[in-house]
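Enquirer: Sequence:
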Amino acid sequence: MIVYTLIGITLLLAGYSLYLVWKAGSRPVRKTYSYLLLGLSLCIFLYLFGVWVYISIYLKYLFGALILFVCLGYIFRKHDHEAKAPPRWKRLSNLVISAVLIFIIILYFTGTTGKPRTVELGFPFKSGRYFVLQGGKGLPTNVFHFSLRGAIYAMDIVKLNKYGGRADKIFSRNLRDYEIFNDTVYAPCDGLVARAVEENPDNIPPNMNRGPKNTNQVLLETPGYYVFMAHLKQNSLVVKEGEYVKKGQALGCVGNSGFSTEPHLHIQVHARNPDTNWYFGHPLFILFNGKGYLLNEVITVK
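Be aware that the sequence shown starts at 1, since it is given in full-length UniProt numbering, and climbs by one per residue.
Worth flagging that the hints you see were computed from the coordinates, not collected in a lab. Just so it is clear, the structure is predicted and the values come from calculations on it, not from any experiment. Note that CB positions come from ideal geometry on N, CA and C, so glycine has one too. Hints are supplied without guarantee of correctness; some may be wrong.
[What the hints assert, rightly or not] Derived DMTMM-like pairs: lysine to aspartate or glutamate, alpha-carbon spacing no greater than 20 Å straight-line:
# : residue 1 : residue 2
1 : Lys-240   : Glu-198
2 : Lys-246   : Glu-120
3 : Lys-162   : Asp-177
[Unchecked claim] Estimated spans, in silico, between C-beta atoms of each pair:
#  : residue 1 : residue 2 : range
4  : Asn-182   : Arg-272   : 44 to 54 Å
5  : Ile-75    : Gln-234   : 27 to 37 Å
6  : Asn-209   : Arg-149   : 14 to 24 Å
7  : Arg-30    : Ser-56    : 36 to 46 Å
8  : Phe-103   : Ser-26    : 33 to 43 Å
9  : Arg-149   : Gly-224   : 42 to 52 Å
10 : Ala-250   : Leu-68    : 56 to 66 Å
Let the sequences and hints guide you as you build the complete structure.
Expert: Dropping the structure here:
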């Protein structure tokens, strides 16, 4: 599966990035600055974008600690002043790759959509640690959602277990191995239930052949925007279409219906436009209790 490939790439590049910084420390800066810059930029890139959650986010924190340790080692190591500098073509290639990585790192925080319009919501879960599996301000952090009908600020949220992973295994066909499965979803705002669908069966990972039109969902309509929540568990809804709900009221449970490879909550918000369908309204960047979250960030609810 692709997830195992991504894990392998993350771990291999993490080791390589630390090696580059350590290697640079054996010589004066003027001779190895290109290796140092490449190693540090690759470290930061992997810290932000690496698929650590498929094993444990604690590995990410360990990697961050190792970055600091290697940097301290770089500072205090004795330099070999007799060593030759790398060839010019190698220095140039290192600098080009570093520039690309730094550009992507900057885009992680800024995105490619300019200053987004925002919406204030309550977090749709009551307690626990949650994780943004997909999300961000457009490219490059929200690649999948960016292509879906303007869902450029949509988020996929999973829950973390005590080991810092989103499931008991890297991959499992048992839905109950996923920490967020069957977690109760609460209304993030007051609103009218404009749509409530619950009859679709949950997919057995990684099967998602039923596609996006077979998603259990709740669509809340407010005077200013629509909130769409999807991939809910079959027959778990406790609200009906036409019902008015208050913020914090239970809606249903997280499942794995529709276009979903594993249990998670998909949420997106669009500005209300009476002249079009809800998903053609302007997409809004979500602030949960006043804070926006990006790809691979942890959301702690007490």
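Enquirer: Can the suggested window of 27 to 37 Å be confirmed for the beta-carbon pair Ile-75 and Gln-234?
Expert: violated, 57 Å
Enquirer: Should the hint that Arg-149 and Gly-224 are 42 to 52 Å apart at their CB atoms be regarded as holding?
Expert: Since Arg-149 and Gly-224 have Cβ atoms about 20 Å apart, the given range 42 to 52 Å is violated.
Enquirer: Regarding Ala-250 and Leu-68, is the given constraint of 56 to 66 Å on their beta-carbon distance met?
Expert: Hint violated: Cβ distance 43 Å, outside 56 to 66 Å.
Enquirer: Holds or violated: Lys-240 and Glu-198, Cα atoms, limit 20 Å.
Expert: holds, 10 Å
Enquirer: Check whether the Cα positions of Lys-162 and Asp-177 lie no farther apart than 20 Å.
Expert: Satisfied, since the Cα-Cα distance of roughly 13 Å is no more than 20 Å.
Enquirer: Given the range 44 to 54 Å, decide if the beta-carbon distance of Asn-182 to Arg-272 lies inside it.
Expert: violated, 31 Å
Enquirer: Could you check the hint for me, namely that Arg-30 and Ser-56 are 36 to 46 Å apart, CB to CB?
Expert: The hinted range 36 to 46 Å holds for Arg-30 and Ser-56, with Cβ atoms some 39 Å apart.
Enquirer: Given a hinted range of 14 to 24 Å, is it respected by the beta-carbon distance of Asn-209 and Arg-149?
Expert: With Cβ atoms ~21 Å apart, the hint holds.
Enquirer: Would the hint linking Lys-246 and Glu-120 be met if the CA-CA limit is 20 Å?
Expert: holds, 15 Å
Enquirer: Taking 33 to 43 Å as the stated bounds, is the beta-carbon spacing between Phe-103 and Ser-26 within them?
Expert: violated, 28 Å
Hint compliance for this structure: hints 4, 5, 8, 9 and 10 are not met, and every other hint is.
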